[in-house]
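> Residues per chain are reported as follows:
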Amino acid sequence: DGGITQSPKYLFRKEGQNVTLSCEQNLNHDAMYWYRQDPGQGLRLIYYSQIVNDFQKGDIAEGYSVSREKKESFPLTVTSAQKNPTAFYLCASSIGLAANTGELFFGEGSRLTVL
Amino acid sequence: AQTVTQSQPEMSVQEAETVTLSCTYDTSESDYYLFWYKQPPSRQMILVIRQEAYKQQNATENRFSVNFQKAAKSFSLKISDSQLGDAAMYFCAYRRRPGGGADGLTFGKGTHLIIQP
Numbered sequence: 053d054g055g056i057t058q059s060p061k062y063l064f065r066k067e068g069q070n071v072t073l074s075c076e077q078n079l080n081h082d083a084m085y086w087y088r089q090d091p092g093q094g095l096r097l098i099y100y101s102q103i104v105n106d107f108q109k110g111d112i113a114e115g116y117s118v119s120r121e122k123k124e125s126f127p128l129t130v131t132s133a134q135k136n137p138t139a140f141y142l143c144a145s146s147i148g149l150a151a152n153t154g155e156l157f158f159g160e161g162s163r164l165t166v167l
Numbered sequence: 004a005q006t007v008t009q010s011q012p013e014m015s016v017q018e019a020e021t022v023t024l025s026c027t028y029d030t031s032e033s034d035y036y037l038f039w040y041k042q043p044p045s046r047q048m049i050l051v052i053r054q055e056a057y058k059q060q061n062a063t064e065n066r067f068s069v070n071f072q073k074a075a076k077s078f079s080l081k082i083s084d085s086q087l088g089d090a091a092m093y094f095c096a097y098r099r100r101p102g103g104g105a106d107g108l109t110f111g112k113g114t115h116l117i118i119q120p
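Going down the list, the sequences are from chains A and R.
For the record, in the first sequence the residue sitting at position 3 is 55 according to the working numbering, with numbers rising by one throughout.
For the record, in the second sequence the residue sitting at position 15 is 18 according to the working numbering, with numbers rising by one throughout.
Since the hints were made in silico from the structure, they are not lab data.
No false leads were slipped in.
In silico lysine-lysine, DSS-like type, Cα no more than 27 Å apart, as pairs: (1) R:K112 x A:K61; (2) R:K58 x R:K73; (3) R:K58 x R:K81; (4) A:K109 x R:K112; (5) A:K61 x A:K109; (6) R:K76 x R:K112; (7) A:K135 x R:K112; (8) R:K112 x R:K81; (9) A:K109 x A:K123.
Derived CB-CB ranges, DEER-like: (10) R:T6 x A:A113: 15 to 23 Å; (11) A:E121 x R:S45: 29 to 37 Å; (12) A:E121 x R:F67: 37 to 45 Å.
Chain A stretches covered by chain R per the calculated footprint, using a threshold of three residues with CB under 8 Å from any CB of chain R: (13) 93-104; (14) 158-167.
Keep in mind that this is a model prediction, so the values were computed, not measured.
Each residue gets a CB set at the ideal place from its N, CA and C atoms; glycine is no exception.
Isolated chain R (complex conformation) (with noise of 0.2 Å):
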């Protein structure tokens, strides 16, 4: 079974500053997906961002950016110039590629991100 593991329970950051939160996933298949979701005190789930394992390339959306060693089994998200509306607590997810099993996505039990003004 795929394990997704966030060590860091709570992470706090100077607003503007950077930080990294970090994800690391057990898994013996090699076409997955994984992902960073938000959810910020209204609980509403929100995608972050998504990398395919066949791509070397890291993903990057505007200020979110990720760092995928996918021989480490490590996938850390990497939020520049933060700012208020980012506290939220942050979810690292794997889904492993279509094609039968289980299905869904398996969460870490998620980082804390606290941003002081």
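With the rest of the complex left out, here is chain A (with noise of 0.2 Å):
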């Protein structure tokens, strides 16, 4: 079946770790993007990637990196500068731009606790 896979669903970290959530789709779709969700925030975009290696901030992108090695995969870290990681994050992709019906495909979430 055709989808998007995040791992790990929970994650717990200490205090100024780095840790790194993945990302992988196997829809053959162009763009990729990270979103946080808080509650009472609705989602906000952290970081898209339009083709293999590049990608572009998105509206919170502080604290946050991202790379694109590979169609497939476009995995997130979040360094020990994000001031408030504990949230659930969503990965998302869609078509490239050229056949793109603007829809998202969102995977299950990973959902972040910092102790």
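Build the complex from these two chains, which are given one at a time in their own frames, with help from the hints.
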């Protein structure tokens, strides 16, 4: 089945540690995204990538980093510089710009808790 | 920058009745997409319905329909014959058409829909 796989589903980290969230898609989509969800805040865009080896900052990129070495993969690193990292993180993908219907397809999310 | 506003943090409806969720947005673009996504307790985001701004006809998907008022920048979702499985957070979202600039969806803060049996 085609889809987006995020791992781990739950992650605990101590303050001062970096942590990497995995996102893999087998939909052959060109574009991939990372969103952060907090209660009462909706979803906010962290980073996005429209092609391999290229990515752009979203609205709340500070304290996060990404890479896009392969079309299928878009890992997100939450660094120790992120002041309030406890949140639910959602990865998404969409077809490339040329054939875009606008829709984003989402993974099941990763819950990060900083102890 | 585009903004999306959902003014109803929570709505409640009796099973089998109809409920309307409100959404307004602000943009200077003329061509864009609007979406309603559903997020049940599993937290998986599910697309409910999509509207393209250049289409005057309101989108419909089974029991779900929208009232798209482009001039008023309003995009409400109507759920008919509400079912227990409709209970979820509902997010309104905006996306400009491809062509450059910031990408991705801009989301509202969500409406928590409760279905009373």
